Amino acid sequence: MANGVVAITEQRDGAFRKVSYEVVSEGRRIADALSCNLTAVVVGSGVEALAGEIQAFGADAVLVLDDPGLADYRTDAYANGVAAALAPHAPAVVVIGATAQGKDLAARLAARWDAGLAMDCTAVAVQGGAITCTRPMFGGKIFADVTIKGAPQVIALRPNVMPIQRVARSAVVETPPVQLGSVKTTVVEKQMDTGGKVELTEAEVIVSGGRGTGGNFGPLEELAAALGGAVGASRSAVDEGWRKHSDQVGQTGRVVSPALYIACGISGAIQHLAGMSTSKVIVAINKDAEAPIFAKADVGIVGDIFQVVPEISAAVRKIKS
Amino acid sequence: MDIVVLVKQVPDTESLVQIAGDGVSIKKEEIKWVMNPYDELAVEEALRIREAKGGSVTVVSVGPQKAQETIRTALAMGADKGLHVHDPLAEGSDALATAKLLAAAVKGLAFDLIICGQRGVDEDNYQVGAAVAEFLNIPQISLVNKAEVLDGRIRCHRVVEGGTVVVEAPLPALFTTQRGLNEPRYASLPGIMKAKKKPLEVKTVAELGLDPAAVGAAGRKVLIQALRLPPERKAVRMIRAETPAATAAELVRILHTEAKLI
Ligand SMILES: Cc1cc2nc3c(=O)[nH]c(=O)nc-3n(C[C@H](O)[C@H](O)[C@H](O)COP(=O)(O)OP(=O)(O)OC[C@H]3O[C@@H](n4cnc5c(N)ncnc54)[C@H](O)[C@@H]3O)c2cc1C
Ligand SMILES: Nc1ncnc2c1ncn2[C@@H]1O[C@H](COP(=O)(O)O)[C@@H](O)[C@H]1O
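Chains as they are written, first to last, in the working numbering: chain G, 500 to 820; chain S, 45 to 306.
To be clear, the hints were calculated from the coordinates, so they are not data collected in a lab.
Since the structure is predicted, the reported quantities are computational estimates derived from the model, not experimental observations.
To spell it out: a stretch of chain G is covered by chain S in this simulated footprint if at least three of its residues, at any positions, have a beta carbon under 8 angstroms from a beta carbon of chain S; those stretches are: (1) 644 to 655; (2) 682 to 693; (3) 770 to 776.
Think of the CB as a built atom: it goes at the ideal place given N, C-alpha and C, for glycine as much as any other residue.
Isolated chain G (complex conformation) (with noise of 0.2 angstroms):
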């Protein structure tokens, strides 16, 4: 018999990702609705000490995956690590981030497990032991409302739209024998940004520049260091070469949903719609009295990005000091 919720978390050179804190917080409210436990699974090289901090979130149990050949996410790695330590444990539920790594690995082992899988999710619920989630599809158009036959039940969760909640339980914490498998896959070479850049899938609060800026994005990344946040783009701002492909908001691109979304020199054409349309509040700035953006933000400001956008960054920084 299926029993139980698993939250897969993610840590990147030892300290967790957001988005764990999310599952995990996810993770617990499933587990109380089905007054089940919940285990929190920690993958990776040198991560014993994250145990500790994940309990905070409400796991009953960790499960701590812990092997020289785990410090770089590879999928089959990844997979068949936590294939094997779940086997005995057969959860009713798998809840696990919707990042990259997430994505990549939910996917390969719901097919390994046979099971279902509902990708992106921004909503769960809990009723009668039954569990709905809704997931944005058609670029997030359409919202479905789906169950998942059989088990386990896997939940991939969009980042950034949990919320995170503190429970604190002192865990039982477990550290298996790590059983990799055969692994083909060799991570050869690592470039990451640095510079404390926030990510922009983790991002609280994201400016983004599209045709508009004229490919002048300083106003921008000084407004978003003013708001902590990060900086996005749409793909004109990027096919001319003025960002990087990553940073790309859309139907193409990332799909981010911050507290946060402040559009400008967008248009707001469908595609780009489809990458940020679950941020909370949208604030778009456009000459253009007419452009679509306008439709689907908050608060809208009529105006040349040139001269607002310094302000808006002056009256931050006066406000935050």
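Fit chain S with the ligands to the supplied structure of chain G, relying on the hints for placement.
Showing chain S with the ligands alone in chain G's frame:
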């Protein structure tokens, strides 16, 4: 190098997507159907590898009769042959069942490399590539924006949050595409003419040796209970102030005292 590309026909991203009367599917009639944008990247990459290394490019798609248009588009771009899994029993498959069909179809082909999109911009499942790789028991590398074929191996640049990771895997392997990989070519007129004569095989669920109960609507594990429109936002509140400074002050006031975001 024998390369297989998985292509899916999806609604054009500009399409108005409407919920059908049954409440659990979309209205298909008025939609303009196109090749999934990420699959265009996959076809292009396969063609470039074939141009450099020789070999063949086979495109495989699961879908209704109409999906053959997308296979033909890939053939017109330059792929060598197509395989269409077309069967009423396959209709209504979820991502897992689709992957079972694709894996079974690919098993019957000679291949060194499979390339597919990171996601279909229809259901945004982000799932089929990994599942096909699992069913074929081969390594997968997702979100690739640069790929190099080395001697018996593939080296891929994966774009992840916060950077790029370079991963290698022995062939046969599967990778999924990310924007930045290439600029897909358009099908030329001679290409379109030639495509009409290229081989396109059709297979049914039975011919793939699959249990009909494992695929199609019957095999779904993810059950759509309801489709609905996203929650509406309240009407936009326009800030109209005399100067940029006054506009900025009002915005920051709203974000600070009302939305409590600053
Ligand atoms: C298959 C497909 C996938 C796509 N995927 C994506 C995607 O993932 N993400 C994405 O963003 N797009 C995507 N697009 C492209 C999309 O359709 C639009 O072309 C693009 O989003 C437009 O970018 P933009 O708003 O920056 O530029 P534009 O549409 O050119 O808009 C620029 C805006 O800036 C305003 N402006 C100009 N100067 C100023 C100023 N000084 N101050 C204030 N405002 C100013 C103008 O009024 C205008 O509204 C996709 C398209 C297709 C076909
Ligand atoms: N019906 C299908 N036929 C062929 N390939 C598909 C099909 N569905 C998905 N794929 C491939 O899998 C990728 C990811 O799709 P998805 O997991 O549905 O988001 C797509 O970009 C295609 O390359």
